[in-house]
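Make a model of the complete structure from these sequences and hints.
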Amino acid sequence: MTVEYWRWKEYNWHDENIDPKAGSVLSAGCDVGSVSSQAVVMVDGGLYAYSNMRTGSDSPHSALDAMNWALEGTGLKIEDLHYVVGTGYGRVNVPFAHRAITEIACHARGANFMYGPSVRTILDMGGQDCKAIRCDHRGKVTNFLMNDKCAAGTGRGMEVFADLLSVSIEDVGDLSFDVEEEPEPVSSTCVVFAKSEAAGLLRQGWPKNLVLAAYCNAMAHRVVTLLERLGVEKEFAITGGIAKNIGVVRRLEKELGLTGLKSDYDTQIAGALGAALFAGALYEKQQAKK
Amino acid sequence: MIANYGYMDGSGEYYITIDTGKCTECGHHNCVEACPKGMFAIETDDYDDEVAVIREEFRKQIKYMCAECKPVSDRPPLPCVEACTSGAVTHSW
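Same order as they appear, the protein sequences are chains A and B.
Read left to right, the first sequence gives residues 160 to 449 (our numbering).
Read left to right, the second sequence gives residues 153 to 245 (our numbering).
Rather than coming from a laboratory, the hints here were simulated on the basis of the structure.
The model shown is predicted, which means the values in this text are computed figures rather than measured ones.
Note that the Cβ used here is the ideal one computed from N, Cα and C, for glycine as well.
Each hint should be verified, as a subset may be incorrect.
As the list claims (entries may be wrong) - EDC-like mimics (lysine to aspartate or glutamate), calculated; alpha carbons at most 16 Å apart, straight line:
(1) K367/A - E356/A
(2) K174/B - D295/A
(3) K403/A - D330/A
(4) K393/A - D295/A
(5) K180/A - E231/A
(6) K222/B - E165/B
(7) K403/A - E329/A
(8) K367/A - E329/A
(9) K212/B - D161/B
(10) K367/A - D322/A
(11) K444/A - D201/B
(12) K299/A - D201/B
(13) K448/A - D200/B
(14) K403/A - D333/A
(15) K444/A - D200/B
(16) K299/A - D200/B
(17) K174/B - E234/B
(18) K189/B - E208/B
(19) K367/A - D333/A
(20) K299/A - D197/B
(21) K403/A - E169/A
(22) K367/A - E340/A
(23) K180/A - E238/A
(24) K299/A - D171/B
As the list claims (entries may be wrong) - Cβ pair distances, simulated, as ranges:
(25) E177/B - T384/A: 30 to 36 Å
(26) T301/A - E209/B: 26 to 32 Å
(27) S325/A - V184/B: 54 to 60 Å
(28) G179/B - T418/A: 40 to 46 Å
(29) G190/B - E329/A: 50 to 56 Å
To be verified - Residues of chain A clear of chain B, computed beta-carbon distances all greater than 12 Å:
(30) V162
(31) K168
(32) K180
(33) N227
(34) G232
(35) D239
(36) L334
(37) E339
(38) T348
(39) C349
(40) P366
In structure tokens, the structure reads:
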């Protein structure tokens, strides 16, 4: 049997202490990304339930699966939700969404909720792209920059490396620090070039952890370049799946000379959370017009 | 938000930039009428505000569409920039 080292853990969660039927506004967000999909359900502006799973080949189906999984065990159905906002690459393919909003706006709003109003610069490290976002105290985007269409410096690039080195994606960060000296970064222009370079290093006898450190360094350097082009204003926070990889996070914090804000919320749900916050506000606006 | 519409090619960078923060304060949207090529349109953004945008079909032709308003010498003020009372519209070239 082939071991899929890149496969990260999918999960769902809901707050047992909240009775969603007692709430007056049930808003939800569904972030259909290129690699993962998340659904978030909020009750009266508080986080109630979420799910995080792999995006399949069919975006509408992935959106439905993610939302149904978030609602599993809650007694709610999709029809019970008052307003749903779709976001991410597949935002126009969320069949039950009332509106689609860009993931840039949603990540900024989600980060504002997760890290508080002091956050001004957000680095969203997603599956297939990376965005540096500047926002105001309300989480409204003031400026942003996106990487080129290349998997280097993104979650998918890290998955490719996990597979190449036969290291579980969740162990990459810790293992990359098991080195005596920080190696030079591998190519950060393209994940295919980086993979070829890493294969060459392995043939030269480099241990896996050293190659991982070189790739984490490359990734960190690439996103720092993006952030510096935009200009980093304190406070700074990271969202997306790579925020869970300490190998990249600590290296980029060191290169930036800044420590990112920490949150108890799952960084991977920031986009869907922002979408759910937009949904709540749009529902209230809609009701006020009636 | 700083919204850039346009592209970069071997000859330079061709972007029309609209500061949506300033644009929402305006409310007149004179730029739509001012552009002789009809490149501007008003759309509702992610925050439910009405903002000016460059219409999709013109975004890859900006250098050529704007040429009429940009003679090589004696360049008059650009109609879209002049019409924008809030100073939200700028050109990169």
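Violations among the numbered hints, reported as their numbers in ascending order: none
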